[in-house]
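A.B. asks: Sequence:
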Amino acid sequence: MSAAQKIIISEVKGILTEIGVEGQAPAVEIPQDLSHGDYSTNIAMLVISKIKTQNSKFRSTMELAEYVVKILNAKYQIRNTFSKVEAVKPGFINFWLSDEYIINSLIQKNSEEGSLKRKKILVEFAHPNTHKEFHIGHLRNIAIGESICRIIEYEGGSIFRTNYQGDIGLHVAKAIYGIQDLRFKIQDLETKSLEEKIKTLGEAYALGAKAYEEDKDAKKEIQEINASLYQKQDKYKDIWEKTRQWSLDYFEIIYKKLNTHFDRLFFESEVYEKGKEIVESHVEDGIFVKDAGAIIFDGEKFNLHKRVFVTKEGYATYEGKEMALAFLQYSLFPFDLALHIVAQEQEGYFKVVFKALELIDNKFKNSEKHLSYGMVELKEGKMSSRSGNIISAFWLIDEAKKRIKNEFKEITDYVVDKVAVGAVKYSMLKFAKNSNISFSFDESISLQGNSGPYLQYTYARTQSVLAKIQNSKIKTQNYNSKFKTKGLNFEAEEAGVLRQLIQFEGIVEDASESFSPNLICNYLFDLAQKFNLFYQKCPILKSEKEEFRLTLTSKTGL
RNA sequence: GCGCCUGUGGCUCAAUGGAUAGAGCACGAGAUUCCGGAUCUUGAGAUUGGAGGUUCGAAUCCUCUCAGGCGCGCCA
Numbered sequence: 000m001s002a003a004q005k006i007i008i009s010e011v012k013g014i015l016t017e018i019g020v021e022g023q024a025p026a027v028e029i030p031q032d033l034s035h036g037d038y039s040t041n042i043a044m045l046v047i048s049k050i051k052t053q054n055s056k057f058r059s060t061m062e063l064a065e066y067v068v069k070i071l072n073a074k075y076q077i078r079n080t081f082s083k084v085e086a087v088k089p090g091f092i093n094f095w096l097s098d099e100y101i102i103n104s105l106i107q108k109n110s111e112e113g114s115l116k117r118k119k120i121l122v123e124f125a126h127p128n129t130h131k132e133f134h135i136g137h138l139r140n141i142a143i144g145e146s147i148c149r150i151i152e153y154e155g156g157s158i159f160r161t162n163y164q165g166d167i168g169l170h171v172a173k174a175i176y177g178i179q180d181l182r183f184k185i186q187d188l189e190t191k192s193l194e195e196k197i198k199t200l201g202e203a204y205a206l207g208a209k210a211y212e213e214d215k216d217a218k219k220e221i222q223e224i225n226a227s228l229y230q231k232q233d234k235y236k237d238i239w240e241k242t243r244q245w246s247l248d249y250f251e252i253i254y255k256k257l258n259t260h261f262d263r264l265f266f267e268s269e270v271y272e273k274g275k276e277i278v279e280s281h282v283e284d285g286i287f288v289k290d291a292g293a294i295i296f297d298g299e300k301f302n303l304h305k306r307v308f309v310t311k312e313g314y315a316t317y318e319g320k321e322m323a324l325a326f327l328q329y330s331l332f333p334f335d336l337a338l339h340i341v342a343q344e345q346e347g348y349f350k351v352v353f354k355a356l357e358l359i360d361n362k363f364k365n366s367e368k369h370l371s372y373g374m375v376e377l378k379e380g381k382m383s384s385r386s387g388n389i390i391s392a393f394w395l396i397d398e399a400k401k402r403i404k405n406e407f408k409e410i411t412d413y414v415v416d417k418v419a420v421g422a423v424k425y426s427m428l429k430f431a432k433n434s435n436i437s438f439s440f441d442e443s444i445s446l447q448g449n450s451g452p453y454l455q456y457t458y459a460r461t462q463s464v465l466a467k468i469q470n471s472k473i474k475t476q477n478y479n480s481k482f483k484t485k486g487l488n489f490e491a492e493e494a495g496v497l498r499q500l501i502q503f504e505g506i507v508e509d510a511s512e513s514f515s516p517n518l519i520c521n522y523l524f525d526l527a528q529k530f531n532l533f534y535q536k537c538p539i540l541k542s543e544k545e546e547f548r549l550t551l552t553s554k555t556g557l
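Okay, so the first sequence: first residue is 0 according to numbering that gives the first Met the number 0, each after it adds one.
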């Protein structure tokens with residue numbers, strides 16, 4: 000919340016108290032329409048009904064609003080901050096910041112503490128499974144995860160980036176079965192490029208998955224492979240370790256490309272034993288119960304559903320493993336909050352898992368949160384690695400690069416890479432978390448309109464202008480103090496950019512509270528539009544500091 | 001069957017219960033002696049799936065209904 004908003008709230012609250020309304024904190028919002036001021040409050044409309052019954056002094060909402068405005072205008076704090084305070088039609092009170100205030104708030108460093116200062120937040124994202132395709136759904140996950148990390152960091156929180164990967168289980172067994180069925184010798188494959196290894200692994204998985212469903216003998220064999228791995232027998236150990244490493248090497252390349260990293264990688268293979276232990280140790284106290292040979296959690300007691308935590312074969316399921324994972328994560332990074340960034344199809348699953356965790360150890364109550372987001376859907380239907388109906392992350396980025404190269408011949412590889420990744424990431428980020436993305440190739444690599452490259456282009460413009468100014472030997476740092484703050488009459492376009500700029504802190508705070516990167520995207524796109532309009536209309540002579548600030552802003556986004 | 005999510009111009013999406021429902025794409029018409037045309041201006045295009053209700057005020061909240069997606073014991 001901005002300082003100006005705080006002033007409004009405290010002053011208005013004071014006036015309300017004087018006229019006999021206690022405990023009403025006015026909401027101060029930022030109107031969408033500039034003609035409604037920089038800030039606006041609807042407090043008069045909220046309290047009028049209370050007042051009417053006890054005091055006949057105000058007969059209408061407008062009368063109340065006008066009275067509040069009259070008192071406000073007499074306050075020093077208000078006159079110092081706002082150029083105009085006005086009561087409008089239904090009963091809104093609108094506030095216009097004074098030019099001096101706006102300029103000063105741009106120049107001054109934000110001295111406020113981030114809203115998440117001293118909070119320790121563990122963010123778990125990406126989580127691809129080894130032996131399976133890394134697809135555009137993972138891309139969205141990483142875009143959101145990394146963005147949320149940066150937003151939280153901006154608000155002063157300390158972040159622990161983690162990635163929990165499924166490197167053991169049926170899907171692995173299927174892939175290993177498939178490799179043997181393809182009659183590949185692991186030694187032959189080892190001489191191939193990483194790309195070919197990954198491709199083969201994908202095919203092997205598809206094959207194994209198909210066989211598992213259609214062929215009873217294959218199913219049995221896959222289950223044996225699975226058991227062998229869980230029991231740490233030697234038979235498949237070598238091939239498992241090698242293929243697993245291929246996947247991990249490949250993922251690492253993608254993380255670099257997307258400009259993300261992890262403080263710790265977690266694997267299912269390191270928690271399944273402990274997970275089973277934990278679950279079994281809580282059968283006695285009734286948290287888990289045995290049922291048909293398996294150990295389950297009866298979520299129905301909590302309006303959830305039942306889930307198996309340990310199979311009748313004695314292996315911890317995904318939910319069972321999660322029990323150990325939470326403790327392991329906490330021991331390495333004692334978090335205030337653990338965010339699991341996972342698609343919304345897992346919502347029911349996480350509710351059950353968190354409830355079980357909370358019963359085992361109360362410290363996990365309210366400190367585990369599933370941050371869900373909509374799925375990436377293809378026009379033709381859901382992606383499935385079994386049917387091969389899948390878009391890999393790498394493929395998409397490569398296609399984007401091709402298109403960019405095609406359109407702009409004289410462009411360096413470095414720039415192509417940045418633009419392609421920017422386009423793809425932005426296309427994953429700009430939607431509200433909850434909405435399913437209906438994936439469109441053209442749009443995800445769009446270069447104009449509401450797109451990553453549009454922002455990048457705008458940023459490039461600002462840098463270009465700045466570079467020219469520096470050539471003429473004026474130093475960037477000196478913009479701030481080199482102009483008078485009084486008597487600058489802003490052009491409409493300038494005012495638009497200015498007013499957008501001063502909202503930045505608030506937007507980031509909103510984004511951090513609701514974990515919504517798309518708010519930042521919306522903001523930046525607005526800002527870029529306003530800047531480009533300004534750029535078109537006004538030669539930049541006197542207001543250089545606008546880009547100076549824009550520079551900072553653009554940096555923060557992606 | 002039960003539960004969660006979604007339904008907004010031709011398409012893809014915005015909009016802490018607020019003021020005239022905003023953008024982008026596509027489509028029509030324009031802008032470059034001047035800082036990057038990956039830009040900008042302008043036009044047309046919407047009973048916010050439907051019906052009730054709450055409220056000074058509803059795309060947003062409640063109820064019903066239609067349509068779609070996802071989830072619901074031995075996968076991850």
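Honestly, the hints are just simulated from the structure, not real lab data. Don't take every hint at face value.
With a straight-line Cα cutoff of 27 Å, these simulated DSS-like cross-link-like pairs (lysine-lysine) come out [said to hold, decoys possible]:
no. : residue 1 : residue 2
1   : Lys311    : Lys255
2   : Lys116    : Lys289
3   : Lys256    : Lys417
4   : Lys300    : Lys231
5   : Lys300    : Lys289
6   : Lys215    : Lys191
7   : Lys74     : Lys255
8   : Lys273    : Lys289
A.B. asks: Indicate, hint by hint, whether the structure satisfies it.
C.D. replies: Status of each hint after checking the structure:
1. Lys311 / Lys255: Violated - the C-alpha atoms of Lys255 and Lys311 are around 41 Å apart, more than 27 Å.
2. Lys116 / Lys289: 44 Å, violated
3. Lys256 / Lys417: Within the cut-off at roughly 9 Å; holds.
4. Lys300 / Lys231: 36 Å, violated
5. Lys300 / Lys289: Distance ~15 Å between Lys300 and Lys289 Cα, so the pair holds.
6. Lys215 / Lys191: Roughly 32 Å separates the two Cα atoms, so the pair is violated.
7. Lys74 / Lys255: 55 Å, violated
8. Lys273 / Lys289: Measuring from Cα to Cα gives roughly 18 Å; hence the hint holds.
Of the hints listed earlier, those the structure fails to meet are numbers 1, 2, 4, 6 and 7, in rising order.
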